[in-house]
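Number of protein chains: 2
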Amino acid sequence: NHIVQFIQTVAQNSRPGTIITDVGSTKQQICEQLKGTLPAEVTFVASHPLAGSEKSGYEFSDQNLFQDRPCVITPDESVPAEAVSRIRQFWEALGMHVLQTTPEKHDLILAETSHLPHVVASALAATLATENTRYTSTGFRDTTRIAGGDPALWIDILLSNRDAIVTSLDKYSQSLQQFREAILTQDEKRLRQLLEDGKKKHDTLNSTP
Amino acid sequence: NHIVQFIQTVAQNSRPGTIITDVGSTKQQICEQLKGTLPAEVTFVASHPLAGSEKSGYEFSDQNLFQDRPCVITPDESVPAEAVSRIRQFWEALGMHVLQTTPEKHDLILAETSHLPHVVASALAATLATENTRYTSTGFRDTTRIAGGDPALWIDILLSNRDAIVTSLDKYSQSLQQFREAILTQDEKRLRQLLEDGKKKHDTLNSTP
Chain A
1 NHIVQFIQTV AQNSRPGTII TDVGSTKQQI CEQLKGTLPA EVTFVASHPL AGSEKSGYEF
61 SDQNLFQDRP CVITPDESVP AEAVSRIRQF WEALGMHVLQ TTPEKHDLIL AETSHLPHVV
121 ASALAATLAT ENTRYTSTGF RDTTRIAGGD PALWIDILLS NRDAIVTSLD KYSQSLQQFR
181 EAILTQDEKR LRQLLEDGKK KHDTLNSTP
Chain B
1 NHIVQFIQTV AQNSRPGTII TDVGSTKQQI CEQLKGTLPA EVTFVASHPL AGSEKSGYEF
61 SDQNLFQDRP CVITPDESVP AEAVSRIRQF WEALGMHVLQ TTPEKHDLIL AETSHLPHVV
121 ASALAATLAT ENTRYTSTGF RDTTRIAGGD PALWIDILLS NRDAIVTSLD KYSQSLQQFR
181 EAILTQDEKR LRQLLEDGKK KHDTLNSTP
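Chains A and B are the protein sequences, given in the same order. All letters in the first sequence, in the order written, are residues 1 to 209 by the working numbering. All letters in the second sequence, in the order written, are residues 1 to 209 by the working numbering.
It is possible that part of the hints are untrue.
Same chains, same label: a pair holds when it works inside one copy or across any pair of copies.
Here are the simulated lysine-lysine pairs, DSSO-like style, with alpha carbons at most 27 Å apart [what the hints assert, rightly or not]:
| # | residue 1 | residue 2 |
| --- | --- | --- |
| 1 | K55 | K200 |
| 2 | K189 | K55 |
| 3 | K189 | K200 |
| 4 | K35 | K105 |
| 5 | K189 | K171 |
The hints are simulated quantities; they were obtained by calculation from the structure and are not laboratory data.
Using the sequences and the hints given, assemble the complete structure.
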């Protein structure tokens with residue numbers, strides 16, 4: 001894991017009292033591999049700001065990127081409260097609201113809210129026959145927007161959270177199969193339930209700021 | 001089909017020379033069911049403007065809704081060229097570029113570019129555990145945006161294009177299974193291919209105006 005090596009190098013060259021954080025999309029592997037490897041006087045508080053886009057590089061920088069977005073921190077229980085508090089204040093100063101949990105729970109939750117959607121979008125983009133491109137509209141583009149993300153970055157994310165992502169994928173595939181069954185058997189009542197369930201979740205999601 | 005009944009009622013109350021069009025999302029069922037049922041002096045030219053959002057009602061009206069978006073027309077071969085031309089000009093006057101094909105091809109293509117994405121987004125929204133809502137970010141919202149569409153409308157669309165949608169869903173499920181396999185077996189090379197394939201399609205899609 002590139003992040004682990006980078007943090008170790010930085011830590012070995014830091015003054016006593018330094019607090020280090022990161023912005024990696026999975027937390028369990030990073031936290032486990034770092035455990036016990038840093039100098040005693042340097043503290044690591046893992047972070048995952050849930051902000052960004054499929055674009056990368058300076059030309060796509062955005063001064064409001066972090067505004068009102070969530071940031072998850074997953075500090076080890078050995079980290080002093082003072083260090084956790086400083087990292088929390090750092091993200092809050094950038095406009096984020098901070099959620100605290102364990103690396104394990106973070107990875108289970110983000111498998112569902114971030115890693116699964118990436119696979120879903122990427123597989124959908126891949127399904128499109130090139131000659132049908134001109135028959136797409138905003139719906140297809142929105143649904144596949146995140147498929148434009150950097151493959152190298154996403155390989156690291158998907159492989160470092162394998163089990164949770166496979167579990168989420170299987171849950172999602174079951175949901176797809178329910179749609180397939182309802183459409184195939186022309187089960188209007190069941191199809192209505194499925195569509196309304198999706199819409200209810202969508203509406204909840206878009207009513208929270 | 002509500003659209004068929006509505007067009008028949010309108011046609012029976014129209015003056016000779018009237019040209020009627022529609023904005024339905026599937027075309028084969030409408031065109032087949034209308035065939036031979038309209039007064040001889042009234043012409044029907046089927047249309048599907050690929051524009052809209054998950055919102056409905058007057059308060060979400062948008063004067064630029066049709067600007068630079070595609071509109072598919074699927075006129076029966078018996079329709080005079082003059083009538084096709086007038087409908088084409090009508091949509092072009094609203095800023096759309098018009099694509100012409102058969103009802104059958106329209107439904108096969110749109111199953112992939114519009115109906116499949118709706119099922120994909122709706123199933124993804126349904127998969128989200130309510131307690132994880134606050135751990136979502138813009139990626140999840142974009143990928144599930146169209147799941148906010150009106151269930152009653154989408155029941156009609158999904159059931160009137162059943163076979164093509166089931167075929168698209170199966171193709172998509174295979175693509176998902178390839179991701180699952182690559183993640184499960186930690187096959188980095190294969191995973192890179194899959195992600196790059198998705199990104200390539202995404203980039204093509206977003207480079208066309």
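Hints, verified against the model:
no.: 1; hint: K55 <-> K200; verdict: between (30 Å within a copy, 14 Å between copies)
no.: 2; hint: K189 <-> K55; verdict: between (41 Å within a copy, 23 Å between copies)
no.: 3; hint: K189 <-> K200; verdict: within (16 Å within a copy, 38 Å between copies)
no.: 4; hint: K35 <-> K105; verdict: within (18 Å within a copy, 58 Å between copies)
no.: 5; hint: K189 <-> K171; verdict: both (22 Å within a copy, 25 Å between copies)
Of the numbered hints stated above, none is contradicted by the structure.
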